[in-house]
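Here's the letter readout for the chains.
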Amino acid sequence: MEAVSSAELEALRLSLEVATRSVAFSLPLAVLAAWILTRARFPGRTLLDAFVHLPLVLPPVAVGYVLLLLLGARAPLGGWLRSYFGIQLPFTTAGAALATAVMTFPLMVRAIRLSLENVDRGLEAAARTLGARAWDRFLTISLPLMLPGILAGAVTAFAAGLGEFGAVITFAANIPGVTRTLPLALYTAMQSPDGEPLALRLAILSFALGLAGLLGAEFLVRRVRRRLGR
Amino acid sequence: MLRVSLLKRRREFTLAASFAAPTPGVIALFGRSGSGKTTLIDMIAGLLPPDEGEVQLTGTVLTDTRARIAVAPERRRIGYVFQDSRLFPHLTATGNLRYGEKRARSVPRSIRFEEVVDLLGLAALLRRRPHELSGGERQRVALGRALLSQPQLLLLDEPLASLDVARREEVLPYLETLRDWLSIPMVYVSHQFEEVLRLATYIVLLEEGRVLAAGPVGELSLRPELRSVLASDLVGAVLDGLVTQVDAAGGTAELAIGTGRLQVSLRDVSPGSRVRVQLLARDIILATQPIQHLSVRNALLGTVKEITPDIDASVLVKVDVGGPIVLARITEGARQALRLAPGDAVWALVKAVSTRGHAFRLFGAPARRA
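Top line first, the protein sequences correspond to chains A and B.
Going by the numbering used here, the first residue of the first sequence is number 1, and it counts up by one from there.
Going by the numbering used here, the first residue of the second sequence is number 1001, and it counts up by one from there.
You may find that some hints are simply not true.
Claimed, not checked - For lysine to any residue, the following SDA-like pairs were computed, each having C-alpha atoms within a straight-line distance of at most 25 Å:
1) B/1102 to A/218
2) B/1102 to A/227
3) B/1102 to A/135
4) B/1102 to A/208
5) B/1102 to A/119
6) B/1102 to A/72
7) B/1102 to A/139
8) B/1102 to A/76
9) B/1102 to A/125
10) B/1102 to A/137
11) B/1102 to A/166
12) B/1102 to A/50
Unchecked claim - Label-pair restraints from in silico Cβ distances:
13) A/120 to B/1065: 40 to 48 Å
14) B/1001 to A/216: 53 to 61 Å
15) B/1169 to A/227: 51 to 59 Å
These aren't lab readings, by the way, just hints derived from the structure by calculation.
These figures come from a predicted structure and were not determined experimentally.
Just so you know, even glycine gets a beta-carbon here, dropped at the ideal spot from N, CA and C.
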């Protein structure tokens, strides 16, 4: 029984780590993507929009496979990362986090974009007349007003990231203690003959985490909105 | 001096406006909605690029399309009070007030935080967030925020338009105070003539994207162009004068107007106060002989300068009352009966009561007497 519970804890810890790292990595990029998609007008914007949303409609396994093709040890980009920075992504926790980040990226961009569209550009114009330059306006006006969307996006992506399966198992494999997150552990338990009780406990745990994540997101967003008087 | 000469083509209309107005002072951009007032001040602020033209403030070029000069709005030091206040919702009133002040560190500070809080009565509001403020309070904070950015010019885009009448009265006196105590030039956009009358020193009259007429308030009040914009009942000469005597019990004050004296219905003034009064043309009676046994308190002797046709078979008579001009609207029949013609001597009779609500104190501090 002792060993079983430690496997559970291991999977939980790993899931939390992967989800946290994936959010930390993709959040700034998601803000940037949301900004470009909302504010910039350039040819190919629709294409970029579609590209950002692609992970929503692609089979996760395909996403993981594309990542392998790009970042695998023998792929040009992967080889370059490894020889210049010593970064190895496939079959590592970092790789699992990256696969998760790619999969949850559209969720995050959508939430941030919605809140950015609601930012009154008149307020940015007002800040301009008060002497605020571009970065200053972004940091002191736009960003705080986007906060509800950023929080909602981050928490939703975190909750979804805890359960990312297909892309992770394809790109980072199923290595105990390294990339065996909750859903991978659950899958493994289901494959083993006497894994039924463990599988059930892992499923319940996943369910509870997901629910807590969604409720937490709602709570945070409400609090921030109230501060903004909406 | 604020020199503006701007062209902006839009799909639905073209704005081509030029004027040069003296500063400091309150320059009113007056015109119906859709006449291009906001477009014009957005270009003065630099928020909207013009197709062609220039903006110059006391010799400094802010925009010059030919020389490819376009100073960024954040570097113009032009304060802007928007119609919808545009307070930052995530900051308290203090945070809003300090926003521009912090970013004006490099310029000499002439307006201090405490002074603005005091002048605009903001002390009780400082910790509140914008959604906890009333419309009038919001506009006062917005005004303070713009002032604290140490502007060289203040733009006010119908700051009272979104307020009801009671709230307007709550904000107007503050605007009057600012005009009288600070020497910051202001551009005041409005389609309410009463506000213009109370605040402006100079009027730029806009109609369909063009400047119909521009000039000091008194002068412009006599111009026919104004009549095409204004309701006919609001037509009347605007005169500025000094208070010579006050009848506190009767609620009237006597003004020196030209060579004559004029009793107006106005409280809270003292001898020496500068007062502006609008004498509505429809309220003025003309007499070719001195009249006695009448309740009318005011009889200004003058000469008929010009008679022009007016609405509904009436005529508008310009009477020179020893320098200042008074406008009187009488029927064509009355003119014929009096055989009134330019050069005739007439008495312009004004009921003091008719000036109620049309007389305003111009300066808080008594003007120095010669």
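Okay, the hints, checked on the actual structure:
no.	hint	verdict
1	B/1102 to A/218	35 Å, violated
2	B/1102 to A/227	23 Å, holds
3	B/1102 to A/135	15 Å, holds
4	B/1102 to A/208	47 Å, violated
5	B/1102 to A/119	23 Å, holds
6	B/1102 to A/72	51 Å, violated
7	B/1102 to A/139	15 Å, holds
8	B/1102 to A/76	50 Å, violated
9	B/1102 to A/125	17 Å, holds
10	B/1102 to A/137	13 Å, holds
11	B/1102 to A/166	51 Å, violated
12	B/1102 to A/50	42 Å, violated
13	A/120 to B/1065: 40 to 48 Å	29 Å, violated
14	B/1001 to A/216: 53 to 61 Å	60 Å, holds
15	B/1169 to A/227: 51 to 59 Å	32 Å, violated
When held up to the earlier numbered hints, the structure conflicts with 1, 4, 6, 8, 11, 12, 13 and 15 and fits the remainder.
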